[in-house]
Each structure stands twice: as structure tokens, then as C-alpha cells.
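From first to last, the protein sequence lines are chains A and B.
Heads up, the first sequence is in this note's numbering, so the first residue is 1 and it goes up one at a time.
Heads up, the second sequence is in this note's numbering, so the first residue is 1001 and it goes up one at a time.
In case anyone wonders, no lab produced these hints; they're calculated from the structure.
Every residue, glycine too, gets a C-beta built ideally from N, C-alpha and C.
Any given hint could turn out to be false.
A few chain B residues facing chain A, derived, Cβ under 8 angstroms [as the list claims (entries may be wrong)]: (1) 1066; (2) 1103; (3) 1203.
Spelled out, the chains give:
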Amino acid sequence: MGYVFLGYGVAFGALGAYSLRVILRGRKLSRTLPPEERTWQ
Amino acid sequence: MTGTGNRTTRLLGLGALVTTAAVVYLGLVTTPPDVVQGDLVRNIYVHPAVATMAYVAFGVTALASLLYLIPRTRSMRWDSLAGASAEVGVVLCAITLAIGSIWGRAAWGVWWTWDARLTLTALLCALFVGYLALRRTGGTAEARAIRCAIAGILFSGVVPIDHYATEWWRTLHQGDTLETLHPLIHGAQLWTMLLSFLSFGLLYAWLVIHRYRVEQLENRLEHEGLAYALAARRAEAATEGHDAAAPASVGGSA
Chain A
1 MGYVFLGYGV
11 AFGALGAYSL
21 RVILRGRKLS
31 RTLPPEERTW
41 Q
Chain B
1001 MTGTGNRTTR
1011 LLGLGALVTT
1021 AAVVYLGLVT
1031 TPPDVVQGDL
1041 VRNIYVHPAV
1051 ATMAYVAFGV
1061 TALASLLYLI
1071 PRTRSMRWDS
1081 LAGASAEVGV
1091 VLCAITLAIG
1101 SIWGRAAWGV
1111 WWTWDARLTL
1121 TALLCALFVG
1131 YLALRRTGGT
1141 AEARAIRCAI
1151 AGILFSGVVP
1161 IDHYATEWWR
1171 TLHQGDTLET
1181 LHPLIHGAQL
1191 WTMLLSFLSF
1201 GLLYAWLVIH
1211 RYRVEQLENR
1221 LEHEGLAYAL
1231 AARRAEAATE
1241 GHDAAAPASV
1251 GGSA
């Protein structure tokens, strides 16, 4: 089961880290926009 | 509220989180080990779905690139979507290679072999890393978008070759586990695998929407940053011109 846990860990760890990076970058950049220009909200 | 989320992304994110948790629980706890592979079969609840979503991501890049190249539908939005989907695809493709390698070490005894499927997947990943590098090259936004659209379409041509590699060549990699009419697995294993496709599909959609909005924000920042830098340079040049002209006029009058 060691290899199985390693595979799941790598997959979900990498996806979690990438998701966090995208979300944080989006938060940082959207602060530069006035609220009325955040058209998706 | 800051960020790139809205109601749709929150629903997608929640759906992805719940289905992913279910896949992990079903995959690691409730599904039975395989008679041949033992516990290693649990890899199929992650690996094929991630690989398929990488293909989908590169397919979306190709489609958005094509729509950018057609004059009637040309819009920078298609370029942003192509870039966003390619980046998510590279992450998914790298994960596919990593977990495939871990499974290969346990099942075949080697981390890597120059098998057709593995080599083509690595090539696909490398090509799209190159595509992402191309997106950061200089020139006008339009010229860069055209370059990237052509590259995106060309590079995506590897996807069908990679997919059919196990049928066209004798490979170590196993063929399709899920055939349309005669799946090789049944019961809890089949449903868990199907759920994994739904889970990673939702995750892909959630990630692409966020990344697309980040891409648009970055483009805007780059555009405004350039406009600000040009205005500052013009102001600086005007000041320098004024300063240079002032002593000459003083000297002339003397």
C-alpha cells in the first residue's frame, strides 16, 4: 500500500498546492481592480 | 469581496471537493483489491481520470486557439482560455507521469521505461511547457497570441497519437480499462472509477475558470503597466527636453 499512498499523496498534494497558488494569485490581482470591474462577481 | 470566485465556481469547487473525498474513501477503503494487481489497482481511481483531463485540457487549448485564429471569432478571451487550459493541462500531465511512474516502480520494477505511451505523454508535457514559455515571449499581445495559437494546435496533435499508442504499438502500458460496451472492471471498482472522472472533470472546470480570470487580470495589469510606464517615460522625456532647452536659451541670451 506504500506506493498507493505515495501516488495519492503526490496527486492530491500537487493539485492542492497548484489550486492554492491560483486562488492566492487571483486574490492578489483582483485587489487591484475596483469592485465594479470584477465582472464575474 | 476579492478573488476570482463567484457562485458558479463555489458550486463547482464544492462538487469537486465532495466527489474527490468520495473517490479517496472508496478507492482506499471500500473497493476490493484486484486478483492480479492486489492493492495497486487503487491507482486506477486517480491515474486514468487525471490523464484524461490532461487530454481534455490540451483539447480545449486547441479549440480556443482555433477560435482565436478564425478572424470572425477572434478575441483575446480565446487566447486567455487557451493559456489557462494549457497550464492546468501541464499540471495534470505532470501528475499523470508522476503517479504512473510510482505505479510502474511497484508493478514493473522500474520508475521509467521508454514505452510508446510513456514517451509520448512525456513529450506532450514537454511541448506544453514550451507552449507556456512561448506565452511569456515578447512582441505585441496579438502577435504573441497568434504564435501561441499555432503552437497550441500543433502540439495538441500529439494527444490522439498518445491515446492510441497502446493500440498502434506493442507497449508495456496496459490498454483501455473502460471500453464503451465491455468494461474490464465491474461493481464498486467500475463506479469508483466513473466517479473519479466526474471528480477530476469538476476539478478541471473549477481550476480553468479561476486560472482564466487570473490570466485576464494579468493581461490587464501588463497592459496598464505598459501604458503607465510609457506615460512616465514621456513625462520624463518632456522634463529632460525642457531642462536641456533651458540652458541653451540662457546661453543664447547671454
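Each hint tested on the structure:
The interface hint given for residue 1066 (chain B) is broken, as the beta carbon of that residue sits about 25 angstroms from the closest beta carbon of chain A, more than 8 angstroms. A least Cβ separation of about 6 angstroms between residue 1103 (chain B) and chain A falls short of the 8 angstroms threshold, and the interface hint therefore holds. Against a cut-off of 8 angstroms between C-beta atoms, the interface hint on residue 1203 (chain B) holds, since the closest Cβ of chain A lies about 7 angstroms away.
Taken one by one, the earlier hints fail for this structure only at number 1.
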